[in-house]
Amino acid sequence: MTNLEKYNEAFIASFEITEEKLNGLKYQDIEFWDSVGHMTLVANLEDAFDIMMETDDIIDLSSYEKGKEILTEKYDISF
Amino acid sequence: MLLLENYDVKLIRLTDDKIEMVRKWRNDSSIQRFMEYRDKITPLMQEKWFKSVDNSSNFYFIINFQNTDIGVINIKNIDSEKDEGEAGVFVYDDKYLNTDVAYRAHLVLFDYFFIEMGLKKISSHVLSDNKRAIRFTAFLGFVKCENQEAFYNQEYNLIKEDYLKNINRLRFIKKWNVLNNNNIL
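Those protein sequence lines, which keep their order, are chains A and B. For the first sequence, the working numbering gives the first residue as -7, with consecutive numbering after it. For the second sequence, the working numbering gives the first residue as 1468, with consecutive numbering after it.
Warning: the hint list may mix true and false statements.
[Stated by the list, open to error] In the EDC-like style, the derived pairs of lysine to aspartate or glutamate whose C-alpha atoms are separated by at most 20 Å in a straight line are: (1) B:K1598 with A:E23; (2) A:K18 with B:D1561; (3) B:K1598 with A:E8; (4) B:K1598 with A:D21.
[To be verified] FRET-style restraints, in silico, Cβ to Cβ: (5) A:M44 with B:K1598: 26 to 32 Å; (6) A:G16 with B:S1547: 51 to 57 Å; (7) A:E8 with B:S1497: 22 to 28 Å; (8) B:K1632 with A:S70: 34 to 40 Å; (9) B:L1646 with A:K60: 21 to 27 Å; (10) B:Q1533 with A:D68: 21 to 27 Å; (11) A:D21 with B:Q1533: 21 to 27 Å; (12) A:L14 with B:T1535: 29 to 35 Å.
Since the hints were made in silico from the structure, they are not lab data. These numbers come from a predicted model, not from an experiment. Here a beta-carbon is modelled for each residue, glycine too, at the ideal position from N, C-alpha and C.
The shape of chain B in the complex, shown without the other chains (with noise of 0.2 Å):
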């Protein structure tokens, strides 16, 4: 099992006994409703849906934090011929909604999929009356795609380059370091 873990948080690879959870969270119209998607989602549904994405081209994690199982992130659709990937996330406790705890387990994906598996550009998709998503989108360093208006759902990227020297990530890890004794950027 995948475990990725930085910044006290865990990103542990979704596996079969925990996706019954995931599809109730899923359902909840407080993550549904920022959803394209947003009938019900059933069992058979979610079974299906996670023999799909259960392989080398989708890596879907429970963010875990203080041993609590808090949300999901996840890299999809990986095309390791140009090195691309789409990243998504959902926090189900709203205790961590207000908090930087999204924003690490963000940091400890992208560290893992752009240093450690070599992906340059990661995307994103985001409802466009979704102003919290769309101002975390861009704190995290993604730019939003040319020619988006017309769309709902639009498309934002995120370059390896951009993602390694984004301020807010750079202040963060300084922080962190010094915190945990820690002088490796």
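Chain A on its own, in the form it takes in the complex (with noise of 0.2 Å):
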């Protein structure tokens, strides 16, 4: 699996929506996108990347694109 695969797979069964809807996505955009929604993304993200994510990176973390940007930049996962 790729980790694009990964990371889309963290959102999908993190929220409950298709891998269509991803790009553009917002935490704002989806009922199932709230605090809860947002702690069991980091917790799937974590255990696809074998990662600990920070608390200000987790907070960042508002949009699919900008979960990208956080991986990379700050956790050296490539995509």
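Assemble the dimeric complex from its two separately framed chains, guided by the hints.
See the structure below:
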């Protein structure tokens, strides 16, 4: 599984959405991206990439694209 | 002044100088719409309310994160004979609504009142159409009481033992300890 597939799977599992809805997705866009959804997403990303995200990164993770940016710049994960 | 601090969150017991800030937050439509009481709260009403809760049965705290006051969390109506109390919260700063900060604040509060103060049960009321609050309440380990379907404001309970072994709490603490090089669970 590629990193992009792992990343997408974390979003799909956390928010019960389909892959075609991921591009441009922001936290206010869907019902399930609330605080619980956000914590679930962080846990799924941490499990998928074997990382532990810092507080500031968790707060900054506000969109599908921003998440990629954070993982790339802070956790050396390439997509 | 009572200050509870952990997980990078401070809970600062509400004092008279902060009640006007809290009143403005509470009157904001973003908060008001999730409350059972939705009329405007006046400064006089706020003062009366604060005098009625500034005691050993009610503990209201300002949630302070990264040196910013972002909301209010409380344990109220403590019954010292039954060792029970009721929790409530609102986060005003929407920057933190989609984060784990409110969850951290609850861990700080519940750790203190379950472990240090000896409460055995904490209840909470959630409006039946507040889906986010319902999910969050369940995430903390609360269970809806029986026969609540007829009510708009529904009661949930969290038992101390269930809270302490809640998988979400244990996962968070484990991660926190690793990030902070602290092996104490």
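Checked hints:
1. Using a Cα cut-off of 20 Å, the hinted pair K1598 of chain B and E23 of chain A holds, with the two alpha carbons roughly 9 Å apart.
2. A hinted pair counts as satisfied when its Cα atoms are at most 20 Å apart, and K18 of chain A with D1561 of chain B qualifies at roughly 14 Å.
3. For the hint pairing K1598 of chain B with E8 of chain A, the CA-to-CA distance comes to about 16 Å; that is within 20 Å, so the pair holds.
4. Taking the CA atoms of K1598 of chain B and D21 of chain A, the gap is about 15 Å. The hint holds against a cut of 20 Å.
5. Checked against the hint of 26 to 32 Å, the pair M44 of chain A and K1598 of chain B passes, with Cβ atoms roughly 29 Å apart.
6. For G16 of chain A and S1547 of chain B, the hinted distance range of 51 to 57 Å is satisfied, since their beta carbons lie about 53 Å from each other.
7. Between E8 of chain A and S1497 of chain B, the C-beta spacing of about 26 Å keeps the proposed range 22 to 28 Å intact.
8. The supplied range of 34 to 40 Å is met by K1632 of chain B and S70 of chain A, whose beta-carbon atoms lie about 39 Å from each other.
9. The hinted window of 21 to 27 Å between L1646 of chain B and K60 of chain A holds, with their beta carbons roughly 22 Å apart.
10. Taking the beta carbon of each, Q1533 of chain B and D68 of chain A are about 26 Å apart, inside 21 to 27 Å as hinted.
11. Between D21 of chain A and Q1533 of chain B the Cβ separation comes to about 26 Å, which falls inside the hinted range of 21 to 27 Å.
12. Look at L14 of chain A against T1535 of chain B: about 31 Å separates their beta carbons, and that is inside 29 to 35 Å.
Taken one by one, the earlier hints all hold for this structure without exception.
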